[in-house]
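There are 2 protein chains.
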Amino acid sequence: MTLLLSNEDVDRLLSMRECIDALAIAYRDLASGRGTDRRRSDSFVAGPVEGSLYSLKSMDGIAPAFGVGAVRIDSDVVTWPTRAGNARREKLAAAGGRFVGLVLLFSIATGEPLAIFPDGYLQRLRVGATNGLAADRLARRDARIVGLLGSGWQAGGQVMALCSVRRVERIRCYSTSREHREAFAAEWSERLGVAVEPVASPEAAVRGADVVLCATNTIDHVFFERWVEPGMHLSSIKRPEIEPAAIERADVIVIHARDASPIHVVAAGVDVPEAREGKGWKLLGEIDFTTLPQLHDVVAGTVPGRTRDDQVTCFLNNIGRGYQFAAAGGALYRKAKAAGAGRELPTEWFTQDVHP
Amino acid sequence: MTLLLSNEDVDRLLSMRECIDALAIAYRDLASGRGTDRRRSDSFVAGPVEGSLYSLKSMDGIAPAFGVGAVRIDSDVVTWPTRAGNARREKLAAAGGRFVGLVLLFSIATGEPLAIFPDGYLQRLRVGATNGLAADRLARRDARIVGLLGSGWQAGGQVMALCSVRRVERIRCYSTSREHREAFAAEWSERLGVAVEPVASPEAAVRGADVVLCATNTIDHVFFERWVEPGMHLSSIKRPEIEPAAIERADVIVIHARDASPIHVVAAGVDVPEAREGKGWKLLGEIDFTTLPQLHDVVAGTVPGRTRDDQVTCFLNNIGRGYQFAAAGGALYRKAKAAGAGRELPTEWFTQDVHP
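The listed protein sequences correspond, in order, to chains A and B. Under my numbering, the first residue of the first sequence is numbered 32, with each subsequent residue one higher. Under my numbering, the first residue of the second sequence is numbered 32, with each subsequent residue one higher.
Cross-link-like lysine to any residue pairs, in silico, SDA-like; alpha carbons within 20 Å at most:
#  : chain 1 : residue 1 : chain 2 : residue 2
1  : B       : Lys122    : A       : Asp384
2  : A       : Lys122    : B       : His386
3  : B       : Lys122    : A       : Gly98
4  : B       : Lys122    : A       : Val385
5  : A       : Lys366    : A       : Pro95
6  : A       : Lys122    : A       : Pro293
7  : B       : Lys122    : A       : Glu143
8  : A       : Lys122    : B       : Glu143
9  : A       : Lys122    : B       : Ala140
10 : A       : Lys122    : A       : Gly187
11 : B       : Lys122    : A       : Thr378
12 : B       : Lys122    : B       : Asn248
Keep in mind that the hints were calculated from the coordinates and are not lab data.
Only chain A is shown next, with the shape it has when bound in the complex (with noise of 0.2 Å):
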């Protein structure tokens, strides 16, 4: 049978603790050449509103760790607003108030659909995994205090992932949305029991603060090199929100991946603010993706972390990787068959008797 998960059971099956500590095993294989991944791409037309575009992203990717081969696919109508002065990426709830993107994940073992799930949960999983995987390699042992820069989706999972991997006690949260950021705040100081006190300016999150989380939806810098302080681990979950002097600020930079720019395929016509920027995925002012150290050498320990309590170091979760679907997937696949969870569709639906 062929599991057909929701978004509950993910955030019910697997814990950020768990995501972590796949990551960690795949991340070691991956390092030793034994796990694979395929580059993502974002194929772009014209989309169904004004200044809107239809984009189907996909990635896909093998553990071997976890006898898992997995593609994850997102089929969006995206816009690019301005907001409080910064332009944002935004998706819009074109299906029917809904949003599409699903992980389908094989076995290597005889090549059947194992599960297929909606991204959602295990993308914010996920990218808080590997944020904190990078920031307990990276981060002050005795980092307490956190500024947060966000107050999305992707902010919870960073603050998810840094109390996995820190004793946090302080998280102070900046967004530009008022209302946003009190609500962020309430939210999560009541499911992680640590203290989240929403502030008024991004210089009140930062000051003082351990560990620098950026999660925003922005395509513009949010964190400058005039807040940097000794010590700091700063981390980004987006490619520009940290300015490239505040990175070269850093005693230690470590990337995500170094082959770090999406496929984009745009149709005529089509003007894609992300596309635009070309071969400047592979430099960040003057930071070269193609030379900087990579996260999974990092957990491998074939590339140092943090060696000194007043080092800046800095992660940079530069693009996502099919891989982590795998990993994550796979881990989450073992989970949900030992808890009888989801729902059981006939694999034969999704396989065939010929040979194409």
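Take the given structure of chain A and dock chain B to it, following the hints.
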């Protein structure tokens, strides 16, 4: 609702002629840049049995003329045995005696998943339709005699397609297995209403043929320069089938796509015959795949096809495109909706209320 279709639905709903017509519409769009697709990727890790590999293949594309984006995924255990002196690529029926290939169709207006179906029948239709569309532009108008090399799954698609674009009178079929070619001849004589004759040598199949269809699983050459005759159209579904010297004899050479090498992602210690070729994908002997005319330009009329009866023409279906699954899949979906075909699955299974 999201439609779950079977191979039988595909077979019943979409004729080869309709598939060729859909590709013709979509390829005109492709020539003008309105449609897009992303290069195929093949990822490999060690397989479950000695000499096998697990392969996760994916491709995707968006065909605005049909309002859909498509992702095609194949999850296979693959081996490379040698049969009758030729190295072949063979998939094992490891999924409980079945194979795993899926197409997912998405609406470009809403992002919604419109349909899910196995790829086998559409795969054959789209490969056949591609070579059929090429033959329609390149073979002589009065072509009647066909030499077929191969008797497998794709060979059927090739003769179906050619019979849709030319008044074929006789098909001579050679394949290394006598049993297979005889069974093929019996089956397809009846299905096509055209005499299909099994012959004991490749020469007997191709001598005097107006059109030579190569439709094998080989990764070696099967058609040679010494067999080329004036006025012939040569057609191939796999890059190495026609030896380079034979291709060079053609007055008009058209390929499917210039950006032709799949993205090969191969785990450490894993040897993949076709990935070994590396840059070889760009060259076959002296033939440079980066500069030859592409099928969509011939379909759009921006590049001429055959202009004289005595010309030798050659179409190399050098790689499959995700775009074909969007075009043919979009045409299939329209017919399925009109016929009320397929099993309706709740679209909510494949959508979500969060914004990842």
